[in-house]
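Q: Protein chains in written order, with the working numbering: chain A, 192 to 786; chain B, 192 to 786.
Keep in mind that a hint or two might mislead.
Claimed, not checked - Straight-line alpha carbon distances no greater than 30 Å define the calculated DSSO-like cross-link-like pairs of lysine-lysine that follow: (1) K480/A x K515/A; (2) K588/A x K442/B; (3) K234/B x K334/B; (4) K552/B x K664/A.
Hint data in this document are derived by calculation from the structure and do not stem from the laboratory.
2 protein chains.
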Amino acid sequence: MIQKKETTTQQERHSIHYQRPMTQQRKTSPHSFGANTQQTKTKKLRIIPLGGLEEVGRNMTLFEYDRDIIIVDMGLQFPEEDMPGIDYIIPNTNYLKGKEKNIRGVFITHGHMDHIGAIPHLMPKLGNPPMFTAVLTAGIIEKKQEDYPNVSSLNITVVNFESKINLGNFKVEFFHVNHNIPDVLGLAIYTPEGLVIHTGDFKFDHSPTTDKPADIGRIARLGSQNVLALMSDSTGAENPGYSVSEHEIQKTLDHILSKAKGRVIVATFSSLISRIQQIITISEKYDRKVAIDGYSMKTNIEIANKLGYLKFKRGTIIRPEQMKNYPNDKVSLMCTGAQGEGKAVLMRIVNKEHRHIQIKKDDTVIFSSSVVPGNERTVQNLKDQLYRQGASVVHYKMMDVHAGGHAQIEDLKMMINLIKPKFFIPIHGNYYMLRLHANIAENLGIPTSNTIVACNGNAIEMTKNSAIITKEKIPSNYVMVDGLGVGDVGNVVIRDRQQMSEDGMFTIVIIVDSKTGKIIGSPDIISRGFIYMKGSTELINETKTKVIEIVNKKASAEHNSNWAYIKDNVRDQIGQFLFNKTQRRPMVLPVVIEV
Amino acid sequence: MIQKKETTTQQERHSIHYQRPMTQQRKTSPHSFGANTQQTKTKKLRIIPLGGLEEVGRNMTLFEYDRDIIIVDMGLQFPEEDMPGIDYIIPNTNYLKGKEKNIRGVFITHGHMDHIGAIPHLMPKLGNPPMFTAVLTAGIIEKKQEDYPNVSSLNITVVNFESKINLGNFKVEFFHVNHNIPDVLGLAIYTPEGLVIHTGDFKFDHSPTTDKPADIGRIARLGSQNVLALMSDSTGAENPGYSVSEHEIQKTLDHILSKAKGRVIVATFSSLISRIQQIITISEKYDRKVAIDGYSMKTNIEIANKLGYLKFKRGTIIRPEQMKNYPNDKVSLMCTGAQGEGKAVLMRIVNKEHRHIQIKKDDTVIFSSSVVPGNERTVQNLKDQLYRQGASVVHYKMMDVHAGGHAQIEDLKMMINLIKPKFFIPIHGNYYMLRLHANIAENLGIPTSNTIVACNGNAIEMTKNSAIITKEKIPSNYVMVDGLGVGDVGNVVIRDRQQMSEDGMFTIVIIVDSKTGKIIGSPDIISRGFIYMKGSTELINETKTKVIEIVNKKASAEHNSNWAYIKDNVRDQIGQFLFNKTQRRPMVLPVVIEV
Chain A
192 MIQKKETTTQ QERHSIHYQR PMTQQRKTSP HSFGANTQQT KTKKLRIIPL GGLEEVGRNM
252 TLFEYDRDII IVDMGLQFPE EDMPGIDYII PNTNYLKGKE KNIRGVFITH GHMDHIGAIP
312 HLMPKLGNPP MFTAVLTAGI IEKKQEDYPN VSSLNITVVN FESKINLGNF KVEFFHVNHN
372 IPDVLGLAIY TPEGLVIHTG DFKFDHSPTT DKPADIGRIA RLGSQNVLAL MSDSTGAENP
432 GYSVSEHEIQ KTLDHILSKA KGRVIVATFS SLISRIQQII TISEKYDRKV AIDGYSMKTN
492 IEIANKLGYL KFKRGTIIRP EQMKNYPNDK VSLMCTGAQG EGKAVLMRIV NKEHRHIQIK
552 KDDTVIFSSS VVPGNERTVQ NLKDQLYRQG ASVVHYKMMD VHAGGHAQIE DLKMMINLIK
612 PKFFIPIHGN YYMLRLHANI AENLGIPTSN TIVACNGNAI EMTKNSAIIT KEKIPSNYVM
672 VDGLGVGDVG NVVIRDRQQM SEDGMFTIVI IVDSKTGKII GSPDIISRGF IYMKGSTELI
732 NETKTKVIEI VNKKASAEHN SNWAYIKDNV RDQIGQFLFN KTQRRPMVLP VVIEV
Chain B
192 MIQKKETTTQ QERHSIHYQR PMTQQRKTSP HSFGANTQQT KTKKLRIIPL GGLEEVGRNM
252 TLFEYDRDII IVDMGLQFPE EDMPGIDYII PNTNYLKGKE KNIRGVFITH GHMDHIGAIP
312 HLMPKLGNPP MFTAVLTAGI IEKKQEDYPN VSSLNITVVN FESKINLGNF KVEFFHVNHN
372 IPDVLGLAIY TPEGLVIHTG DFKFDHSPTT DKPADIGRIA RLGSQNVLAL MSDSTGAENP
432 GYSVSEHEIQ KTLDHILSKA KGRVIVATFS SLISRIQQII TISEKYDRKV AIDGYSMKTN
492 IEIANKLGYL KFKRGTIIRP EQMKNYPNDK VSLMCTGAQG EGKAVLMRIV NKEHRHIQIK
552 KDDTVIFSSS VVPGNERTVQ NLKDQLYRQG ASVVHYKMMD VHAGGHAQIE DLKMMINLIK
612 PKFFIPIHGN YYMLRLHANI AENLGIPTSN TIVACNGNAI EMTKNSAIIT KEKIPSNYVM
672 VDGLGVGDVG NVVIRDRQQM SEDGMFTIVI IVDSKTGKII GSPDIISRGF IYMKGSTELI
732 NETKTKVIEI VNKKASAEHN SNWAYIKDNV RDQIGQFLFN KTQRRPMVLP VVIEV
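Okay, chain A solo, but in the shape it has when bound:
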């Protein structure tokens, strides 16, 4: 049965289609239905990760059997340090070109950007296949679609833990796990070769604060069905022990709020609905009003509230500009910016660019989030600024004010022991995390030959008794999104950006008389990011003289000048000249214009 809140009508939530009868009756693809028994020997289950292995983010996996394909997740990844200017990276779906009609459905495990972020870019290309997910995730996805008004609307079916979705050779059911957003789905994917369990992102929390504990009974029952393969989240595979329960976090936060003399400012991830609920609950306990700021956080709260995932008393939530109307010890603020993101609320507050809020002495700022690798230094600087302005800071290394969303080593063992799979496929994480996770499975008795550490673009071919990685190389490179361009920024552009960011650029414009082949006047030089030009007149003049020398020598040598050759000469010789003078290598760009 399909979950449907009684108060929500088709009219109210226009773009999510609660196609009650459709999911179970959905037409199976005609060419494969009933053909399983005869053709099993030649047909195989193919599992193809297009993203999410070898990295944290950009999760997308295909399951293919004969002419049926289902897709799990469609995420984005944020760029590495060596990709300046790139907004984000999405999976390459070239493999699906010409196979669009085979795509029976897209399953989204939960509403984080690394699982939903590529939807607006990829769904239109893939012919907008039906999508299946939980109600909160559907709400978040639909909200994001509003940023893409030209994209045709999605066909989302909301599922719950009783749903059974039959799609050709596949039948998919769902089980409950914990994470740091509500409504996370684990997937039980029944295939002609056997049952595959895909955990999604998960942790076990036996005392969550806004959610039920993971359904260990259900997971155990799935584990009793001779599971063919377990695909399990590896993000926490190098962290020993068990993940901390949200209940512990709640206790710590309660302690901090009970002691705080001034305002409490909590910066966290905008999608951390459970943390937001905790702060609201504890603030109510201590008679604090709660202001919320940050576009993405407000949006997520709006959706969560509308769908009944947040509880607060009337009058608890105030607008940021109302904070000044209350004593310092009677207000809390929840906001974005715990990673030191340039334009997020916390950064605007410390930079005194926020319209309503400035840091006051005795403010307590809680960073209720981990630091995403790569952001450490930015976050250190942010902490500096907060202390300078008189606040004190609490972060997860000092107290338990944040629990990650991912199972740690002991939890991972428990999942493997519950599912008892024949084959083990670690997913979600850098390669070394996958490898460590495979080691954990091997230590629990899964034979090394049955653990499959795959890469993006591999095809894992499975039968009831075998699993191999084929020799295919399925395109899985980064597709970079920069502004309006998707995939138009390639390695050349990135390399140029890198070089210019190191030592700048040095353009030399040479005007040549087309009749004589001689330079007219002196070359013009436009340089940025190389050296302070006003302080370098001598160097610039020397360079101009050298350019004239090079051009006139080469140009006079031949009657019909080979300008490409001369440009190469200018580039090489001036590049070397500037390096000798400065030990820097700006990008030298000679332009020859004949008039």
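Dock chain B against the given chain A, drawing on the hints supplied.
A: Just chain B, lined up with the frame of chain A:
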């Protein structure tokens, strides 16, 4: 008495002057000698941090009394992420302009780059004053000077724990603390206002492996002398508990080497002499030869060995190219690159660019170092590559294979309790670390009014009974070193590099007939890092048409064209045009050339 190894003669170590009699008899500056008692009331002790506060690195502090100045440390800092292309940053010494003759001496606490790295740049500017440091530090400094052949040689006096250096109003003695390089000096600075203790970088290690434990007895005796101020290392002020002893690290490393089936590769900081000694000792125990690779590491080992700071058996050390001659379980390799630095040995090995070494299956790679903030993602990628090539990786989060060099909270408390200062000045660390350290001191009973959290460029004025931060703003901005240039890359150049790294640059060359004011031909466009040019012919052509429109409209409007105005128009309008088309903002650079 001055430490002097019997085997080292002036001839052998030409550039380090063991000026035995000089240090104690050094002429005090005539204007201040004997004047103390009369003039104390108008004269004050001034402590001026030029670097090292508000940051980790670039340590340099001035102590000034009347016309005597001593300097402690002269370090560099590595650049932040938003300073592309910068090699490193050194302190601004403008305050010392015209005061060079007052500089009585420079004290270097130890041989790490954040304490010695600015020496080649600053010592010549400061008139090459006498320098005082321990023997290993002197060796490291002299070695670095070889990279600067045009710089006049330093005048270094090697000191030990019996030395008393009288320099005008100052007398300096030294005490032994632990860190992760040998020969670290804590400073006891006697001034007319009282005794100031400067810890340098320090930790307490009661069972170090290549060093003696910190001299707690001596520190306690100093503490009994009514210490005026304690300046103490804050780098570890947010880390609870005690720092781990090197003895524990040794036990863990021993365990790993005893179990390793293949080669052991240990990547660490090149200056971590004690860790290098540990690996050599344990390797010898398990009959492993030790190869060492990495220029800076080899250099440091050479110096440490020459000065007697490293012990190994004849035949233990082999060259990297000899590794292949031994069974895998009979060799270890120590190398640089634990931070994923592009050109360091470990990176060259995994990138298969190393002449002699490639990763083999069953290699154990130990990252015996912490990850410097900002390098996390690079190190993750490095770990990925190692696992892909069949190695397994051990790092400090998994096992105690590294101990930091800095006192943690309990150690910091012990230092404060031992010294019992009247005033407390936290040094070395980000602002929030200084603030946390001040909180620790306050909790131990030092009045808030007596803890001084200063910033770079502050002057702290002290008398026997008072300490204030004056209103002076002493220049302490970053001086950036880029190639051969020191300080010639300023904010404008950095900002240009940042902008070009985000969205590239777009140069428009417009040739104009000087008589008619009209464009000749079509504008030339040179763009890099913006968009893939070959795929964007249409956009480029549209842009050219738009440029011609703008120029001809403006140029015809006036007889004598105002080209600056027209260029501004082109920049703004084309910038907006490109943004509308691509949502990117390349740096637009119009060039108008009249012919």
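Q: Next, verify each hint and record whether it holds.
A: Structure-based check of all given hints:
1. A C-alpha spacing of about 11 Å is found between K480/A and K515/A, which places the hinted pair at or below 30 Å, so the restraint holds.
2. The suggested pairing of K588/A with K442/B holds, with an alpha-carbon distance near 26 Å, which does not exceed 30 Å.
3. Between K234/B and K334/B, the direct Cα distance comes to roughly 40 Å. Violation of the 30 Å bound is thereby established for this hinted pair.
4. As the CA atoms of K552/B and K664/A are separated by approximately 24 Å, the hinted pair is consistent with the 30 Å bound.
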